[in-house]
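Protein chains: 2
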Amino acid sequence: MKLLNEILGTKYPIIQGGMANIATGEFAAACSNAGALGIIGAGGMNADTLRENIRRCKQLTDKPFGVNIMLMHPQADEFAQIVVEEGVQVVTTGAGNPGKYVPMWKAAGIKVIPVVAAAVLAKHLEKLGIDAVIAEGTESGGHVGEMATMALVPQVVDAVDLPVIAAGGIADGRQLAAALALGACGVQVGTCLLVSEECPIHENYKAALLNAKDSDTIVTGRIGGSPVRVLKNRMSREYVRQEKAGADKMELEKYTLGSLRRAVFEGNTSTGSLMAGQVAGMLHEVRPVADILDDLWNGGRQRIHALSEEC
Amino acid sequence: MKLLNEILGTKYPIIQGGMANIATGEFAAACSNAGALGIIGAGGMNADTLRENIRRCKQLTDKPFGVNIMLMHPQADEFAQIVVEEGVQVVTTGAGNPGKYVPMWKAAGIKVIPVVAAAVLAKHLEKLGIDAVIAEGTESGGHVGEMATMALVPQVVDAVDLPVIAAGGIADGRQLAAALALGACGVQVGTCLLVSEECPIHENYKAALLNAKDSDTIVTGRIGGSPVRVLKNRMSREYVRQEKAGADKMELEKYTLGSLRRAVFEGNTSTGSLMAGQVAGMLHEVRPVADILDDLWNGGRQRIHALSEEC
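Protein chains in written order, with my numbering: chain W, 4 to 314; chain U, 4 to 314.
Here chain W stands alone, though its shape is the one from the complex (with noise of 0.2 Å):
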C-alpha cells in the first residue's frame, strides 16, 4: 500500500479538513508547513477571498496544499475556476457530486480527493479520474454523514481501487493506527487541530473544546436532513428540543444563521455553533501543529510496533 504522503509530497500522511470560517490560507500554511497537506476551506469565502486566502498560502508555504470547495456554496463554478487559475495542486471537496468539475480539474493536474459518506459515491466518482476518496464517519465535526468510520472506511476501500483517506474520530495516534489498520492510505484531521496555536478560532471556542467531554457534541439537523455535529451549548441543546417539537425550517434557521461565525470570531459559545466531533473529550491542551502532527504519525507507528509485538 502506498501511504498518503508518497501521493501528497507530505511528511505525514495526514490532511488538515478544510474547516470553513476557520482553516484560511494562513492556517493552511501552517498545516502545510508542519507536515501535512493544508487545506484552504472555501465555504466561508468569496471568490475574491478565495483568490487571496490562496496567494497568502503561497507566500507563506512551498509546500503542496490545496483547497476544499463545499459544492453546495452559491459561487462553487467560480471556485472551481479560480483553484485552475491559481495553480492549486489539490481539491478536495463535500456536501455533494463533483462530478462535472473532475475533467477541467483533471486537464489542469489538479489531484481530485472527494469527500463522501457512502461507499455509492465513490463508485461513481471513480469511473471520472478521481485520485482518491475520503471516507468521513459521523463521529466528525460539521456536517455530517449516518456511516460511523469504523464500518465506512473498509466498506469504501472493498468498493473502489482508489487510495482511501479516513476522516471522522481522528485524534491521536491509536486512532491513526486503527484507520491504516482499517486500510485507509491516510487520515484527515479537523477538530484535533482547532486546539492548535496556529489555529484562528476564538479563545473562547478553544476553552469550549478543552472541557468538553467524549458525549458533549450533539447532531442539529437530523431531522430535517442537513445534520451538523456540534459542541452542546445553549443553541445547540435549543435547537434539538424544536426540531424534536416538529418546528419548521424558518424557526430553526432563527438559531443557525450566523452561528459558525458567532462561535469562530466572537467566541459566543452559548449562540454559537461550536463545530467539533466526538473526539474533543481528547483534546487536554493548546499545542502547536507540529505537535499534534508528531503524535499522531509517530504515535501510530509506535501503537502498531507495540501491537504487532503483543499479538
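Honestly, I wouldn't trust all of these hints.
Since the list can't tell identical chains apart, any single copy or any two copies may satisfy a pair.
Straight-line C-alpha distance at most 20 Å; calculated EDC-like pairs for lysine to aspartate or glutamate [as the list claims (entries may be wrong)]: (1) 247 to 149; (2) 257 to 269; (3) 126 to 254; (4) 209 to 80; (5) 114 to 88; (6) 126 to 164; (7) 252 to 51; (8) 216 to 288; (9) 5 to 65; (10) 66 to 9; (11) 209 to 269; (12) 257 to 65; (13) 247 to 288; (14) 126 to 219; (15) 5 to 312; (16) 66 to 297; (17) 103 to 201; (18) 235 to 164; (19) 235 to 80; (20) 257 to 134; (21) 14 to 312; (22) 61 to 294; (23) 61 to 256.
Note that these hints are calculated values from the structure, not bench results.
Chain W is fixed; fit chain U onto it per the hints.
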C-alpha cells in the same frame, strides 16, 4: 496489555453479543465451542426459559460462556438471581446501570462486564468492582448510543483502569485490528454472526443481510429516545417517516410490537425488525461460526503484522 482471551479463558479475544430472541443456549454453546465467549441473550426470555437455556448450554459445551441481562427487562431481578444459582461464569449487561447486582455477582465469583455507551458510566461502575467494560459504538445493531466506536473506545480506555472491549462496526480482521489499535483488549461482535450457519434466525433474515449495502441500516426511535438500528425495510422507513412527522409513542408502537420476533422466527422482511449493524454490507456468505472467528482473529493479526512492515 492482557488480551481478552487470557482474561476469559477462551481461544480468541472475542465475545458473541447477547442478541435477544437470537442468542439461545445452543447458539451460545456453538460460539463457545468455536473459540469465542458465547453469550445467552436473556432479552426475549422469561425466568424459566433462561434457566433452560443455561442448562442446555452447559450440556453442549465445556467451554466458558455467559449471559447477557437487559436491565430494563421486567424480570431482570429474577435473571440476576438465576445466573448465580446456575453458576454462570460471566454476565454482560445492557441498557442501564447494573450497580445494584454487582456485589451479589462478585460474591458468586461471576465476571461482570457491562456494556457502556459513554465514559461516565464506565467510571462509575469501575468503583463497584466490575471486571471489564464493553464500549459499544453507534454503528452496532439493535439498541445503540450516540458515540461511534472510533471515538468512544480510546476515551473509555483513558477514563478507567479496566480492560475495555470494543463493540460496534467489527466484522472482519481489519476492524478487529483497528479495535486493538484503539486500546481495546478484544471485541464483541453480533451482526457478522447473524450469517453463521449455526445462527437460529430465519433464512429470509440472513438473505436480507447478505443483500444489504453499507448504507442500508437506519435508526428507529431516535426522536423518542430509544434508538434501535435495523435494516431499512417497509416497517423501519415508515416508522422513521411517522416519527419525523410527530407521531406519538402509541402510534409508533404498532410498528414495533412483536417486530423482532416477526423477523427472527417468521422471516417477515417487510414488517419485521431486522436488527443489524452498519457492517451488514460486509456480509457475503453464510459460514460456520468457526470460520467467521478465525477470519476475525487471524485476519486481524495478519493485518497488524503487515502494517508493522509498511509503517
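(message) Could you work out which of the previously given hints the structure breaks and list their numbers from low to high?
(response) 3, 4, 7, 9, 12, 13, 17, 18, 19, 20, 22, 23
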